[in-house]
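Chemist: So you can see what is in the structure, the chains are spelled out below.
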Amino acid sequence: MSDRTKLKPALSISGASCQGCAKKIRAALEPLTGSTELVGVDIEAQTVALPDGVDLAEAARVVTEAGYPAEPAANSEPAPCCASKTATSHNRASGADQGPAEAAAEPGQATESAKDDQITLSVSGATCASCVASIEKALLSVPGVTHAHMNLADNTATANGTGEPDALIKAVESAGYGASVIEDADAADDRRQAEDKKQYKVLLVKMAISLGLGLVLMVWGMGFDTMMVTEANQLTWINFGILTLGVMIATGGHFFTGAWKAFKHHNANMDTLIALGTGTAWLYSMVVSSVPELLPEMARHVYFEASAMIIGLINLGQALELRAKGKTSEAVRRLLDLRAKTARVIRNGEEQDLPVKQVRKGDHIRVRPGEKLPVDGVIIEGSTRIDESMLTGEPMPVSKAEDDEVSAGTLNTHGSIIYEATRVGSETALAQIIKLVKKAQGSKPAIGRLADRISSVFVPTVMLVAIGAALVWYNVGPEPAVVHMMIAATTVLIIACPCALGLATPMSVMVGVGKAAEYGALIRQGDALQTAGKIDLVILDKTGTITEGHPAVTRITAVDSNATLLALAAGLERHSEHPLAEAVLNRAREDGVEPETVTDFEALNGKGVQGQFDGQRVRLGNRRWLEAEGINVTNLDSAANTITEEAGTPLFLALGDQVQGVIGVADAIKPDSEAAIRRLHDAGIKVMMVTGDVDATARAIAVKAGIDDYRAEVLPENKAEVVSEMRGKGYTVAMVGDGINDAPALAAADVGFAIGTGTDVAIESAAITLMRGSLHGVPDAIEISRATVTNIKQNLFGAFVYNTMGIPVAAGLLYPVWGILMSPILAGAAMSLSSVTVVSNANRLRLFKSSHTPARQEERN
Amino acid sequence: METILVNAAGLALMAAVVWWFWLSGNKSGQNQ
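Heads up: the protein sequence lines correspond to chains X and H, in order.
Its first residue numbered 389, the first sequence is counted upward by one per residue in the working numbering.
Its first residue numbered 7, the second sequence is counted upward by one per residue in the working numbering.
With the rest of the complex left out, here is chain X:
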């Protein structure tokens, strides 16, 4: 076991949300502990584990200084629950120590601990970035809450810590929003979809009523009467004013109640601006209609139609936004749809169809061709081909036989199988993937946090600008000054609504993370999504990453026939347990070659194997041994050299004293590694390899795969040093490797990519897990990251720059030069349009296609 597993949670921290934070905390504590390896940071639990003897007060101080408020844990001698939780996370970090049984049990434990720490709420009524800030602030005010996060894109909020659910709901409600605890995520999803549909219709009706009234007023005022209040039409306008108030309450009442609730909590949000803008226009018009003598004749203009139309347009914008929002969570819905509803379980010799929730570990399940697998398990009878593309992005169905693992959600395409359930319910790979994707979709990259910080001070600032603009108009504006100041203030308030700003980042992250999952790349954090786009150096582990990870026959050169050579070699190797023997036997099986019967088998350590065939001695081994036995192998020199140059091992076969041929065995480069590396080069990224192999083998692989640079004879524990060294040189480094052995190197990189096999989704050390073995996942993820970040930037530009540019125009800056003063109605329409533009632009990401699209993916798209 590594040192970290012996540690106890000593500090409770807040604000650490990613591997980068964990790294910073470890680095900050290094002077106290002597090594970063001795510091365990548990992001989920927001705790830091330290070795005995460290001054906790001093440790808390340095961590706080590093930007993560910390204090010694209430009980640094951990309670049993905490002890097991910390041990779980540390086992993950030092996964090399754990056996398969522990690894298999881990997802369940992770789910349990997550339940203790995190409460997810479904939140209603949140519409903008300021709402996000208000809700997060309200949740953080609940005692025991260490970290709160609101996701506007799917209207959920999560609170970490020990806060009571009732207190959390109360806090959100008192901030002006509705909240309920999500206990069953599926039911909550269904409920939200149903609510969204209902809400969409309600908004359309409200839009029709308010826009309708606005149009009537406009037509009346301009066509049949005048917008100026006179003695003749005063009563009519008062009546219209009362009618407008009724419609404003009926169709825009939620803006006013939302604004009031936020105001009571010293917050200001989008509702505040809408309520103030439309309220000001209505109040002014009502004063004009009721007591026109208070104002000069030129200023007796009514703006009832503006109030009604602004509310109508914003309702329309919100309706369109709601519909577009639904599409962004498509990736998760597609994953949810993969789940089978029932399973054909064999209990007591009888087959019965049971709801998948009733399947227990150890149950035997029959799956026929064309059916989906309900849970994870191991095949105990039959063989088949399974389409795992929906889970891993791997386009071709994979052959599976007895003892092979299968995953829930995959499709049995060929034979009938019986398999034993090993992971059910929330433990299945599919459930873990869904959980991970949802979590990542809700996380915010740094760029999004910046937008949130800006928008939380944005609304009060806009209010100041509106009052300031009104005063300027009053003091130096042309007559009617009162009208101008009212228009300027109203228009500034309306156009500045930061609703698009709040959607800009989460919308794109949701689509980007979902898209990456479609390509078989599980992104753990929004930060990784942002950083992946900046990568300019990719460091690849060799074994299992660039290569297949197990030896295979790469070349056969026979003096007579290849089949005879292979049959003899397989006949010999059938008796051997050496890894090279397995490679030869696999090749024979693939080529349909029946091994010859070889007797008197003998394995000679460091030389090869030998036996008797047809009355003659048959030997398979290295050149030195055969030559020592007096066998001439020089006629196969060129073939043997080629094998060596390709980083393979030549095995010579001799029958009697005649050499029959040479078989090259090597850890072959995966068929698509070279193409994936070429894609990285095309994207302007340098590629480097680190391996424990000797220099000659490393060079051969590097040349063949087209790698720019390599480091040979690097021990696994030293890979992290290479990563740090390259980061020190100014590269943004991605490390791609095996999630278990390369864990330290993955954690040391800016972005760690763990190459999984489809079910290893619990790889915590990597920011991104590639579910299929192909290296193409790396350029895919980088391309998606770049597309997402570009999309976020476009959205922020569309939302924020639009707002800031709109404000001076609304305040009347163009008036002195061109005499242009924006109408509040136009501001309302433009504001709604900006939300719709942002959401539509984020949806554009759904059309993303990687530069390498497997055939199956194309079909699905």
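Simulated from the structure, these hints should not be mistaken for laboratory data.
Note that CB positions come from ideal geometry on N, CA and C, so glycine has one too.
Not one of these hints is a red herring.
Estimated spans, in silico, between C-beta atoms of each pair: (1) X/Val607 / H/Ala18: 37 to 45 Å; (2) X/Val593 / H/Leu17: 39 to 47 Å; (3) H/Ala15 / X/Val593: 38 to 46 Å; (4) H/Ala22 / X/Thr624: 31 to 39 Å.
Place chain H on chain X using the hints.
Modeler: Frame of chain X, contents of chain H only:
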């Protein structure tokens, strides 16, 4: 007189916004 009143009201409103959303609002924002 009217000009002074309107300007004073505007400035008072601006001061109220600053006080309400930043200065007094900080009390509830301390726990962030």
